[in-house]
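Enquirer: These are the residues of each chain, in order.
There are 2 protein chains.
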Amino acid sequence: MASSTTVGVSREVGQKLEPRPLPMWLPAILLPLAASLVLHPILYAASTSPTLPLPSLVQDFTRTLPAPTFPALEANVGFSIVAFLGMLYAVPWMGDAFVAKDLKGLDLLKGVHGTVIPECMGLPGAAGYIGLMIMFIPFPFSKYFEDSLNGWGIEGAAKNGDLESLRMEQAVGRRTFPHQELALFLSSILSLLIATLLGFLDDVFDIRWRHKLPIPIIASIPLLMVYYAEGGLTTVVMPIGARWLFGNTVNLGPLYYIYMSLLSTFSTNGINILAGVNGLEVGQALVIALSVAFNDALYLPIWPRLAFGEPGALNELVLLEGGPVLRRGSEELIQRHLLSLYFMGPLIGVCLGLLYHNWFPARVFVGDTFCYFAGMAFAVVAIQGHFSKTLLLFFIPQIFNFVLSVPQLFGLVPCPRHRLPKLDPATGLLQPSTVVFASPPKRKTVVTLKLLAMLGLTKITYDKDGKSIVSATNLTLYTLILVYKPMREDKLTMTIMWLQFLGSVMAFFVRYGIASLLYDGDRR
Amino acid sequence: MASSTTVGVSREVGQKLEPRPLPMWLPAILLPLAASLVLHPILYAASTSPTLPLPSLVQDFTRTLPAPTFPALEANVGFSIVAFLGMLYAVPWMGDAFVAKDLKGLDLLKGVHGTVIPECMGLPGAAGYIGLMIMFIPFPFSKYFEDSLNGWGIEGAAKNGDLESLRMEQAVGRRTFPHQELALFLSSILSLLIATLLGFLDDVFDIRWRHKLPIPIIASIPLLMVYYAEGGLTTVVMPIGARWLFGNTVNLGPLYYIYMSLLSTFSTNGINILAGVNGLEVGQALVIALSVAFNDALYLPIWPRLAFGEPGALNELVLLEGGPVLRRGSEELIQRHLLSLYFMGPLIGVCLGLLYHNWFPARVFVGDTFCYFAGMAFAVVAIQGHFSKTLLLFFIPQIFNFVLSVPQLFGLVPCPRHRLPKLDPATGLLQPSTVVFASPPKRKTVVTLKLLAMLGLTKITYDKDGKSIVSATNLTLYTLILVYKPMREDKLTMTIMWLQFLGSVMAFFVRYGIASLLYDGDRR
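Protein chains in written order, with this note's numbering: chain R, 1 to 524; chain E, 1 to 524.
What the hints contain is simulated information worked out from the structure, not anything from laboratory work. Mixed in with the good hints, there may be bad ones.
Since the list can't tell identical chains apart, any single copy or any two copies may satisfy a pair.
Unchecked claim - No farther apart than 20 Å at their CA atoms in a straight line, the calculated lysine to any residue pairs in the SDA-like style are these: (1) 212 - 131; (2) 485 - 498; (3) 450 - 245; (4) 101 - 205; (5) 450 - 218; (6) 101 - 207; (7) 101 - 206; (8) 101 - 392; (9) 101 - 209; (10) 110 - 356; (11) 101 - 211; (12) 212 - 93; (13) 464 - 423.
Using the sequences and the accompanying hints, generate a full structural model.
Expert: What follows is the structure, given as structure tokens:
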């Protein structure tokens, strides 16, 4: 279910699109901004560090800098801007090399012949992202930022020069260095890199559908292995109503690992099967990334107190109410969601940059590489941050699309090779595509289709006698939208992005409204 | 300097070679062996673990098992056998898919037309290796093996139920879990994966030589970042003779990071420029891997005491002399070299498996992917295990080849596109290839060549007058060998592997003989 077909495309077919023009003033504004965001925490740390003596002129300057509240997050925003600019400028520059190596696709929804454009541009996206995340490692994990709020500094205790307490301090200091988070961070990058490599191999070798399904599971192995080696929790909190049966918490043991690997399979394929329309893969990933980032931001101690006055609504956040000295549990929550934010920021940057070139009429395709990469990114932050259930709530359109597709995916209704919409050349609007029955369909197919039609989920055409079904619209989210209102390709992508946004709004309502009735305190 | 040319090869040119036949009895013997090596430590750990209750029948069986001395290493040998078998059987199975995607090369040294065979088979090698290393993570790093010699268990202290000492124990226990090693291990895999991905991109996109050089540096970034974040040492021990000037140790600071990244550049390109003859890339990597593994094994407490009776010869090992209670420093040394062994085992397996198919007449090429991957593997173990200088000693033939190539690499002597030997179809022997001068060469070239010829490093042909140079043999190690004795391709590979072996023997002599005069105690 790739975003395009690379089969049998020769360079003669299809017209060539010029790359979308790039504004030259954008980097002039954004690059200095990114640089200052990255440099501020570095300079501040250097100015306060006794081990890094700076020239006095620099010292005088850095001493005037305000202390960064979240130094790593600040640098991360800088990295995100770099990711955005990088995609914006690298993608058109790389296009020809990809086309020359047969990594090109035919955009079927562009007039008679379609257009041939570079495929698999998720690869530079993912590679750039991973490169930036690796460069970012020292910010959350360096001992040089340990004095900051973000850090894990040791206080007092040994200041009186007592050797015994110094030893204790060193032991505790080692303990408070977030080794476990670093290992999870590294294994997340490893998982992302494997997902990228396998996605690229898929784009190059056109791996068959059933061989593809386990790819996200393979990619999630590093994360699971490290989770296991570090003795990670496999206990889940039960909803209040189920506690009489299971107790407050249930240790899922190995099942929890299966759940985690299935999460990556779901988030990856969820994006991969809602694809094929310009900008759709990147657009939905963008909205999901923004939703995850907003959810993470809710846990940072940056909000006015009033917002969390009501216990039960955002009740993890109530833990922050104790004043500047944070309680342990809530501090851990902040760290978890900071880590998740670090991953989402550059992802948002990459998505924005890719979307510029992937938007209708697309200049590039992002390929399966992007779907694997982005889906995996969501899975790793959810596993790392222990909010997999919340993540699933952000996938409402993908879940709907998957459930709707089930009859076709599992053969109850025939599934054509592509279920892309049809272009009406006269109006330029997309029409719903149909599955056509040369002979009357089987009884189970008829029952399924009639049931779906009754629910308004497909539109059936009968033969002249009105008895036998001759066609039905395909069972996908975008076909369904087009059944009700044919529209241009960009409008369709925009509509689905709006649906994704509304789904996220609903998700927040469910998560912080309804869930508090089912759960209390920390949950995953 | 790839092992082949993929330029302008059409399927018509060259004959097709059938894959080398595979013995069916080999897996029948090796698979059960591998399985028992992997299962033994698992079963033993399960039988002694209070948290993993086994069925009594299994318990009865596992209780009869002897305790594994090095549980992770034992499993690692099992993984290495799997790596070997995997390569042996996967490579021929994948060949066609690679050829179909234009990942094929023309073997120039095979008769008139040469043969066309799959290129880039280092990719499945590297991918399989990395997959196995990820599956291996729990063995050295799981808390379930913590009771073993290999572990980092906590002893005594809190057994009396004293809460204060329990807290202390937990702090120390956390500290003794090898978080830092896990992070380094993960970042090593990350570096290997990046090297593999970039190598594959190189094979697909034919990256230009000067663009290729920084690839290993990029791939080493995760390792350096983690090394930095964890506050790794950047201090080196000075040779005894230099201490009056620099002191006992010198903190190289940022220079140490540059040194580490250059190490990966060297080990990668060292293998990559000594390539082009069937089996050569894999063969040299195999000998180096075996040398590193043997060096690692020297540090394990498995040798009879007598062998290390002489202080100064293997003087780190003298630390082991204190009886069963190992001194702290030496225990750390064991851990370091165990980690290195874990990486070398499966690499040896992969090399052996690949070599079977890559041996003359080669059925597959391994591509730049293999060179990047193998070179990076050596760099990461040397950085992780702090034995980079020892590693360099194992690269004597590569260093010689590089130094000999310098006049051609830097334009002092013209460098043809390929410096492969020439096949004499009459005898089937390889002859040294030459650089031919259409017009009399420049003075600096003449001086260089005459100097080299005087040293016996090249063979010059003069024109009839005996004045002007018309040709000189190329400046590579294998050309030099062929100058003295033309031989068949497999004999040439074998000769270089023998040279590599002799180099390693010399390396051990230098490392444990001469170095003890220059250094004392632990060094890097």
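Enquirer: For residue 110 and residue 356, with the copy left unspecified, which applies at a CA distance of at most 20 Å: within, between, both, or neither?
Expert: within (18 Å within a copy, 50 Å between copies)
Enquirer: At most 20 Å between C-alpha atoms: does residue 212 with residue 131 qualify within a copy, between copies, both, or neither?
Expert: Between copies only: 17 Å across, 25 Å inside.
Enquirer: Between copies, within a copy, both or neither: which fits residue 101 and residue 207 at Cα up to 20 Å?
Expert: both (18 Å within a copy, 12 Å between copies)
Enquirer: When Cα atoms must be at most 20 Å apart, do residue 450 and residue 245 count as within-copy, between-copy, both, or neither?
Expert: neither (40 Å within a copy, 90 Å between copies)
Enquirer: Within a copy, between copies, both or neither: which one fits residue 101 and residue 211 at a CA-CA cutoff of 20 Å?
Expert: Cα proximity of residue 101 and residue 211: across copies only (18 Å, versus 24 Å in one copy).
Enquirer: When no copy is named, should residue 101 and residue 209 be tagged within, between, both, or neither for a Cα gap of at most 20 Å?
Expert: Classified as between; 18 Å across copies, 23 Å inside a copy.
Enquirer: At most 20 Å between C-alpha atoms: does residue 485 with residue 498 qualify within a copy, between copies, both, or neither?
Expert: within (15 Å within a copy, 74 Å between copies)
Enquirer: Is the C-alpha distance from residue 101 to residue 392 at most 20 Å within one copy, between copies, in both cases, or in neither?
Expert: Classified as neither; 37 Å inside a copy, 37 Å across copies.
Enquirer: Treating 20 Å as the Cα threshold, decide for residue 464 and residue 423: within, between, both or neither.
Expert: Answer is neither; intra-copy 26 Å and inter-copy 76 Å both fail.
Enquirer: Using 20 Å as the alpha-carbon threshold, which applies to residue 101 and residue 205: within, between, both, or neither?
Expert: Answer is both; intra-copy 13 Å and inter-copy 7 Å each pass.
Enquirer: Using 20 Å as the alpha-carbon threshold, which applies to residue 212 and residue 93: within, between, both, or neither?
Expert: The answer is between: 18 Å across copies meets 20 Å, while 30 Å in one copy does not.
Enquirer: Cα distance capped at 20 Å. Does residue 101 pair with residue 206 within a copy, between copies, both, or neither?
Expert: Intra 14 Å, inter 10 Å, cutoff 20 Å: intra and inter.
Violation of the numbered hints given earlier is confined to hints 3, 5, 8 and 13; the remaining hints are satisfied by the structure.
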